[in-house]
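Undergrad: Here the protein sequences line up with chains A and B, keeping their order.
Each residue of the first sequence is one higher than the last, beginning at 1 in this note's numbering.
Each residue of the second sequence is one higher than the last, beginning at 1001 in this note's numbering.
Derived by calculation from the structure, the hints in this document are not laboratory data.
For each residue, glycine too, the CB sits at the ideal point set by N, CA and C.
Don't take every hint at face value.
What the hints assert, rightly or not - Quick partial rundown of chain A residues pointing at chain B, CB under 7 Å, derived from the structure:
(1) I32
(2) G232
(3) R298
What the hints assert, rightly or not - With the Cβ distance kept under 8 Å, some of the chain A side facing chain B (calculated, not the full set):
(4) N24
(5) S28
(6) S33
(7) R238
(8) R302
(9) H303
(10) I306
(11) T322
(12) T326
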Amino acid sequence: MKTTPLTEVHIGLGAKMAEFAGYNMPISYSTISDEHEQVRASVGIFDVSHMGEFILKGKDATALIQQVTSNDVSKLQPGDAQYSCLPNKEGGIVDDLLVYRLFEDACAEGEQAYMLVVNASNILKDWKWIKEHNTYDVRMHDISMFTGLLALQGPDAIKVLEKLTTIDLAEMKYYTFNKGVVAGEENILVSATGYTGSGGFEIYARNSQLVTIWNAIMEAGKEFNIQPIGLGARDTLRLEMGYCLYGNDIDDTTSPIEAGLGWITKTKKENFNSIETFRAQRKEGVSQKLVGFKMEDRRVPRHDYIIEDVDGNEIGKVTSGTQSPTLDIPIGMGYVHVDFAKVGTAIKIVAGKKRLDATITKMPFVKIS
Amino acid sequence: MSYPKELKYSKEHEWIRVDGDEAYIGITDFAQGELGELVYVEVETVGETIAEGEVFGTVEAVKTTSDLFMPVGGEILEFNEKLSDSGDDEPGLINSDPYGDGWIIKIKLSDLSELDALMDAAAYKALVA
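Please put together the full structure from these sequences, using the hints given.
TA: Okay, here's the thing in structure tokens:
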């Protein structure tokens, strides 16, 4: 199993560890709901170094990324980040990712440089996919093995990080980034991004810098009772926001239009994989949609449970489910036939022999003030 | 991790405490640790007689769902009302006190000889440790 620079630290903290995407990762340190509430109320730190990072540089880097991703990368200025996906040729999704347009000092004149941040489970698949499309002579580097990633999330994240860095965090807009010194370590990339909905930052560093930064953040966060947060709470936090998880809610067979990712599918762009399929889906509509639902029952919906209408006809499948720590009820996401996608529609979730009542609900499930 | 000596254990990580021809059943300390924080316990089989190895209920943790299996056959006499949503509704007792207040059901044993197939504490410890 692969490790991160912090694996020993997690074990030392008594974390429950498990394999995730080939990495030995912390699932929880205390309980998922305590960790969840800590992030919503104040601040928590995640080691998400399993994520993959590719650097793409060249005079046609923009053109290559424009062709392989669904969002419009031409909109990005150096210092901007963007959520996007890699559509395949069958109208599905190879992966979802973040695209960072790096500063011009990262490349020669007339060139553009980007960092793509991809899901750990898809690093090899994405690398091959992008490489296949690289007829532009763009230089590609997989820096995943040398790169660590911390997510500092929650309303007090800024108060913790500003003690440790010269980067102007107050000025940093959502989905932008800057580079600077963090905890004495140089050339650290800090972005105002995250997967929790509670605000905060993601911090990219070299492996050798990661323990120093983690320790400094844990020290600086003491006054906020900062806690390390595992992948368990990462999942409940993202699910309350209705954020998709690759492999659960989106995959090689699901369309971004069906998944509610139309906002990152810029079909007015000139060309990218499956653009005609997505244009047609926009025009003619899709047959299924990813929806959120609240349970009217105490049982928790799980991935692959069947969804039925109230007359017992199969209308879809659950893709994610959990007990929402904020709402204290079970919530889920799943694909249903469009006729049942309207908010307020009563549906049934099939759990073994039982049919559980649920109602289609607007996402995000939780409003963050 | 604790493995009380006076209990018997099943491969499915249930424990049983026998008292005459009745018994209390719960899940082990190991099982609650693997499941994590429990949020709901469902037992709708009170009054039924269920065979060894069959499902008598379900527990929901934040991350996962798990069925509960009879370590031996018997009639379900009682569902711990401290756990039940019609009682105190505190499924977390299974996490905090799996062998005590976190007991799940009380049964009347169908066949005492079925107990012989279960593990003692040492054998169960060897299985999970």
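Undergrad: Give a verdict on every hint.
TA: Results of checking the hints against the structure:
no.	hint	result
1	I32	5 Å, holds
2	G232	6 Å, holds
3	R298	4 Å, holds
4	N24	17 Å, violated
5	S28	7 Å, holds
6	S33	6 Å, holds
7	R238	14 Å, violated
8	R302	6 Å, holds
9	H303	10 Å, violated
10	I306	15 Å, violated
11	T322	6 Å, holds
12	T326	12 Å, violated
Checked against the numbered hints above, the structure violates hints 4, 7, 9, 10, 12; every other hint is satisfied.
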